[in-house]
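First to last, the sequence lines map onto chains A and Y.
All letters in the first sequence, in the order written, are residues 7 to 283 by the numbering used here.
All letters in the second sequence, in the order written, are residues 7 to 283 by the numbering used here.
Since the hints were derived computationally from the structure, they do not count as laboratory data.
A couple of the hints might just be wrong.
[Stated by the list, open to error] To spell it out: a stretch of chain Y is covered by chain A in this simulated footprint if at least three of its residues, at any positions, have a beta carbon under 8 Å from a beta carbon of chain A; those stretches are:
hint, region
1, 143-154
2, 235-249
3, 268-280
[Claimed, not checked] Covered by chain Y, according to a simulated footprint, are these stretches of chain A (three or more residues, beta-carbon under 8 Å):
hint, region
4, 125-133
5, 157-169
Where a beta carbon is used, it is the ideal one built from N, C-alpha and C, also for glycine.
Each chain, written out:
Number of protein chains: 2
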Amino acid sequence: MTARAFVPGHVTGFFSVHPDDDPVVAGSRGAGLALSDGVTVGVEPVADPSGRRLLLNGRAVEMPAVTGVLDRLGADARVTAETELPISAGFGVSGACALGTALALDAETAGGHTDRELVAVAHASEVEAGTGLGDVVGQARGGMPIRLEPGAPPQGYLDGLPARPGVEYITFGGLDTAEVIGGDTEALSRAGEAALETLHDSPTVETFVGASRRFAREARLTTPDVETAIEDVQAAGGEAAMAMLGQTVFALDDGLSRAGYDARSCRVTAGATLLEA
Amino acid sequence: MTARAFVPGHVTGFFSVHPDDDPVVAGSRGAGLALSDGVTVGVEPVADPSGRRLLLNGRAVEMPAVTGVLDRLGADARVTAETELPISAGFGVSGACALGTALALDAETAGGHTDRELVAVAHASEVEAGTGLGDVVGQARGGMPIRLEPGAPPQGYLDGLPARPGVEYITFGGLDTAEVIGGDTEALSRAGEAALETLHDSPTVETFVGASRRFAREARLTTPDVETAIEDVQAAGGEAAMAMLGQTVFALDDGLSRAGYDARSCRVTAGATLLEA
Numbered sequence: 007m008t009a010r011a012f013v014p015g016h017v018t019g020f021f022s023v024h025p026d027d028d029p030v031v032a033g034s035r036g037a038g039l040a041l042s043d044g045v046t047v048g049v050e051p052v053a054d055p056s057g058r059r060l061l062l063n064g065r066a067v068e069m070p071a072v073t074g075v076l077d078r079l080g081a082d083a084r085v086t087a088e089t090e091l092p093i094s095a096g097f098g099v100s101g102a103c104a105l106g107t108a109l110a111l112d113a114e115t116a117g118g119h120t121d122r123e124l125v126a127v128a129h130a131s132e133v134e135a136g137t138g139l140g141d142v143v144g145q146a147r148g149g150m151p152i153r154l155e156p157g158a159p160p161q162g163y164l165d166g167l168p169a170r171p172g173v174e175y176i177t178f179g180g181l182d183t184a185e186v187i188g189g190d191t192e193a194l195s196r197a198g199e200a201a202l203e204t205l206h207d208s209p210t211v212e213t214f215v216g217a218s219r220r221f222a223r224e225a226r227l228t229t230p231d232v233e234t235a236i237e238d239v240q241a242a243g244g245e246a247a248m249a250m251l252g253q254t255v256f257a258l259d260d261g262l263s264r265a266g267y268d269a270r271s272c273r274v275t276a277g278a279t280l281l282e283a
Numbered sequence: 007m008t009a010r011a012f013v014p015g016h017v018t019g020f021f022s023v024h025p026d027d028d029p030v031v032a033g034s035r036g037a038g039l040a041l042s043d044g045v046t047v048g049v050e051p052v053a054d055p056s057g058r059r060l061l062l063n064g065r066a067v068e069m070p071a072v073t074g075v076l077d078r079l080g081a082d083a084r085v086t087a088e089t090e091l092p093i094s095a096g097f098g099v100s101g102a103c104a105l106g107t108a109l110a111l112d113a114e115t116a117g118g119h120t121d122r123e124l125v126a127v128a129h130a131s132e133v134e135a136g137t138g139l140g141d142v143v144g145q146a147r148g149g150m151p152i153r154l155e156p157g158a159p160p161q162g163y164l165d166g167l168p169a170r171p172g173v174e175y176i177t178f179g180g181l182d183t184a185e186v187i188g189g190d191t192e193a194l195s196r197a198g199e200a201a202l203e204t205l206h207d208s209p210t211v212e213t214f215v216g217a218s219r220r221f222a223r224e225a226r227l228t229t230p231d232v233e234t235a236i237e238d239v240q241a242a243g244g245e246a247a248m249a250m251l252g253q254t255v256f257a258l259d260d261g262l263s264r265a266g267y268d269a270r271s272c273r274v275t276a277g278a279t280l281l282e283a
């Protein structure tokens with residue numbers, strides 16, 4: 007019997023980049039959605055580093071964020087992650103694997119860490135890996151997280167929208183997170199800060215989606231497939247935007263299927279949690 | 007169709023009292039459990055204050071914490087609360103009714119408040135009513151909340167234990183929260199601060215229950231029924247403590263039923279959330 011954790015998928019609608027030499031402090035401001043489609047992570051301690059493995063949907067993969075968690079917790083484990091989410095398409099799968107590994111490993115080894123300590127370990131590992139800046143803290147919190155201050159606790163500070171809408175999504179392909187957040191992010195961050203200001207003035211679900219849509223265009227991240235899908239959803243009376251960072255469109259309620267797309271449906275949900283043994 | 011919210015029950019194991027003239031800042035430090043047995047709250051806006059009603063399990067009751075939420079949000083509503091939890095026995099039912107009213111009312115009226123704003127409204131109303139100091143923030147967070155700094159956001163600051171144990175509970179009667187937290191709380195608070203220090207040094211579920219047990223005795227809050235049940239659970243190899251503030255014993259896993267008690271069983275669960283329409 008191995009300890010298991012469920013970590014929701016996390017879609018960021020808009021963000022700004024806040025680098026720092028300390029990976030616990032570095033991160034992003036922005037807002038997103040924690041999704042009931044997520045990642046179930048199990049760990050099984052092994053005797054030494056040579057036994058470390060990460061199986062993602064049954065396939066051995068390398069994920070530096072997970073390696074970072076094992077290093078920081080000083081443990082060796084075989085990690086098994088199962089998910090229905092698309093990979094590298096803006097759903098925070100690497101953050102989910104990192105956070106799920108931290109939670110399950112602590113339970114399995116009676117590690118005696120608090121929630122905030124484990125979130126900081128996963129966040130710092132994800133930031134160092136260059137695969138995300140805000141997914142882990144959003145996934146830990148759940149709901150519709152608003153990242154007011156970047157980084158993990160105690161520096162990071164989140165609020166949220168209380169709404170729990172249905173969400174549909176469709177993916178046309180990946181985007182390289184490391185390339186985008188490692189490049190020139192000045193214009194992107196300016197657009198992200200403006201979006202956060204807009205949401206602060208009117209904290210509603212509709213404002214969030216509208217601000218996210220504007221952000222993706224201002225940051226020049228949309229692709230033709232993404233633009234078309236967003237326009238189709240709006241033409242059918244719905245609300246949609248782009249997931250950061252993937253060629254992925256998310257819509258409120260049944261916005262995508264009403265516009266004729268074969269979309270996957272889920273809900274906004276609670277934060278990451280250990281599962282019953 | 008009226009908006010509805012689910013708010014977990016919340017059992018505090020130990021606490022210290024931190025008064026302040028501002029009810030958002032006043033509160034308690036301590037630690038507890040958010041329980042899957044909770045309160046489902048529905049609201050239906052009404053035309054004027056004369057239509058305000060609170061029905062708790064079908065019976066009209068007065069609950070100043072709920073009245074305070076309506077006043078602060080400037081709204082009039084009929085509030086319906088359903089729960090399997092014992093009332094006035096240390097499960098935070100009044101806090102749950104206050105927080106559930108805030109969440110559901112905001113959804114029903116498209117009020118545009120954030121999570122933290124609604125938590126602050128419910129917390130301040132509960133503090134002013136004198137019926138609780140830390141339940142609302144624990145119920146909003148979920149899991150096994152550790153209240154590191156008193157009060158609602160942004161002053162209040164919580165961490166938590168990642169464990170999600172099964173919990174059993176039994177109630178022998180109520181305690182008057184207002185009387186205890188309105189009286190001389192110096193010795194109680196000293197014991198609560200010591201318990202928090204103990205949990206900080208070793209943040210595990212077992213430490214939490216042990217520190218809670220010691221706290222209840224040091225604060226001279228246990229009754230003969232409570233003492234007997236705690237001792238019986240320990241004699242049967244389990245872990246139990248007293249819920250603040252009620253003549254209620256909670257135990258990990260099946261600790262009470264293994265000791266021969268007819269206890270109710272639930273789990274540690276996530277924080278308060280709006281329910282699907």
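Open item on the list: Could you work out which of the previously given hints the structure breaks and list their numbers from low to high?
Closed with: Violated hints: 2, 4; rest satisfied.
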